[in-house]
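> Taken in order, these protein sequences are the chains called F and D.
Start counting the first sequence at 0; every next residue gets the next number (numbering that gives the first Met the number 0).
Start counting the second sequence at 0; every next residue gets the next number (numbering that gives the first Met the number 0).
To be clear, the hints were calculated from the coordinates, so they are not data collected in a lab.
Note that the structure is predicted; figures quoted are calculated from it, not measured.
Don't take every hint at face value.
Each pair may be met inside one copy or between any two copies, as identical chains are not told apart.
What the hints assert, rightly or not - Simulated crosslink set (EDC-like; lysine to aspartate or glutamate; CA at most 20 Å straight-line):
#1 K192 x D179
#2 K185 x E198
#3 K306 x D147
#4 K7 x D186
#5 K157 x E94
#6 K185 x E6
#7 K7 x E40
#8 K93 x E40
#9 K7 x E94
#10 K192 x D147
Number of protein chains: 2
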Amino acid sequence: MINTLTEKIKKLEAPIVVGLDPTMKFVPEYMKKQAFAEYGETLKGAAEAILAYNKGIVDAVCDLIPAVKPQIAMYEQFGIEGLIAFQKTVAYCKEKGLVVIGDIKRGDIGSTSEAYAVAHLGQVQVGNTMCRGFEEDFATVNPYLGSDGVQPFIKVCKEEKKGIFVLVKTSNPSSGEFQDRLVLPKDSRDAAKARPLYEIVGEKVAQWAAECMGGEYSYIGAVVGATYPEMGKILRQIMPKSYILVPGYGAQGGSGKDLKPFFNEDGLGAIVNSSRGIIAAYQQEKYAKYGEENYADAARAAVLDMKEDIRTGIS
Amino acid sequence: MINTLTEKIKKLEAPIVVGLDPTMKFVPEYMKKQAFAEYGETLKGAAEAILAYNKGIVDAVCDLIPAVKPQIAMYEQFGIEGLIAFQKTVAYCKEKGLVVIGDIKRGDIGSTSEAYAVAHLGQVQVGNTMCRGFEEDFATVNPYLGSDGVQPFIKVCKEEKKGIFVLVKTSNPSSGEFQDRLVLPKDSRDAAKARPLYEIVGEKVAQWAAECMGGEYSYIGAVVGATYPEMGKILRQIMPKSYILVPGYGAQGGSGKDLKPFFNEDGLGAIVNSSRGIIAAYQQEKYAKYGEENYADAARAAVLDMKEDIRTGIS
């Protein structure tokens, strides 16, 4: 799947992933009205509204981008109905030829991570039958529990030819609270050799990645926020064969010129996410002229602008 | 809810939580047959089997224990159907008067953590209506993203009088890979002052906890594995007002005598989880005499033994 992703990025000249992170505030009023008229102000009503909203966006941008990244929390908040909308969103995006990165940030002890890996990327045995729960192509994984918690994902990725992005340095303001703390080497008490935790995690990702090569790139990638380009530069060197999934572009503050450090010399190796900046573009002054009825056209215009901003920023 | 939990623990003299982490391997053959006959070897068939299995265990042990901890991954692996079984398990346990700790290990950037907090502990707004997705009393939270990722849970806990357990030192073998790494103080390069990451996270938990007192205890707790009693002792001191949720007892290797360091002088402050050791007790030699038909009686016997083992271990 990492090869498919790489080829798509090359072909479309767009290292872009659109974050399908719908909230009720983003969904145009007329779509909410329609869903509530049919299902009431219920979880089902909300789920139907976000699914319809997603489909509009996907239809409008699927020829421009290689991948989407639905954030499962935004669906999970609407309970079972929300998760059905998540599942349908995944299926719809795959129908449209998009690579789907499930932003699930799961991670647990070994046997439990195995269940998560199976849930999102693999197959679960029921009697003598193999079944599939959710069916993303990639998933994001939290490394706090160590190798135990990541290896089951790697195992399923090998079997299924899928991939993961491990959280290394996240885009949020307080990511440094633990991730930036300076860590001593295992075999030394020399404070001059202390390095931030995210580098230690990055090195582990590089080890895992080296054992999981697709073609040019590994199917074990990393998440590094656009909001920290200096750190991105170092992490790019530490994990040369890993794709870096870069959140934090746009609404969170990152811009095209911040992105160069995340890419390799070949112009590959990173894929930049924008969520709100695309899917709620129509709520920004810049794209207000589209109006909420044409929210999907606004999203398309925002993708084209983002593509250009990145092209200029990294060239 | 932390007061309810504390009172229940005192009344039942059982600082015990039963982990409802069903896998198909644990479910008795006759229950699987029954579910598959009705629903086939499908996700629905699996979900119905684990729900029936859970109900048997809950019925058998609910008068002995204050709380259960369903591990959501074990349900998520069966997709939507599995998550329906999770939801029904939560509801059933609450009907039976049990406190429900959702072992969800979620954690993300602020706005996303808010969605998770709402999904599991709070209410989501749909139009002018407030709706609830899943409805646990407590949830486990991953701290890797820092305060941003935890504060939204704390906010919802305040509103809903619920609580969280933050992962500090997990029970798995590789938990030390990142959690044990020695971290320099923020304001010093003195290697002699370096301390393990789990202590740094523990201190943060203690800060959050101090601002969120229920009665004697805070509703911000921590997860510290039974497999690391020495670290438990230090973390107990660092977080005096936090309940420690202790996984890793039983099947993962922890025993009653390892548990003392996790408790305060008042005999409170910790709640010990056992999953497989209870719910699949009938598969152990010690409880084999019960047979799979009486798997729930075996679970009850295992709870009683665990209660005694802890009583002896911590007294």
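> Next, verify each hint and record whether it holds.
Here is what the structure says about each hint:
Taking the shortest alpha-carbon separations for K192 and D179, both the intra-copy value of 14 Å and the inter-copy value of 17 Å come in at or below 20 Å. For the identical chains of this complex, K185 and E198 are neighbours both inside a copy (14 Å) and across copies (17 Å), given an alpha-carbon limit of 20 Å. When the C-alpha separation of K306 and D147 is checked against a cutoff of 20 Å, the pair qualifies neither within a copy, at 38 Å, nor between copies, at 29 Å. For a Cα distance limit of 20 Å, the shortest separation of K7 from D186 qualifies neither inside one copy, at 43 Å, nor across copies, at 46 Å.
When the C-alpha separation of K157 and E94 is checked against a cutoff of 20 Å, the pair qualifies neither within a copy, at 23 Å, nor between copies, at 43 Å. Within a single copy, K185 and E6 get their C-alpha atoms no closer than 39 Å, and across copies no closer than 44 Å, so neither meets the 20 Å cut-off. For a Cα distance limit of 20 Å, the shortest separation of K7 from E40 qualifies neither inside one copy, at 39 Å, nor across copies, at 37 Å. In the homo-oligomer, the alpha carbons of K93 and E40 never lie at most 20 Å apart, since the shortest distance is 29 Å inside one protomer and 26 Å across protomers.
In this assembly of identical chains, K7 and E94 lie within 20 Å of each other by CA distance solely inside one copy; the values are 15 Å within and 51 Å between copies. In this assembly of identical chains, the alpha carbons of K192 and D147 never lie at most 20 Å apart, being 27 Å within a copy and 29 Å across copies at closest.
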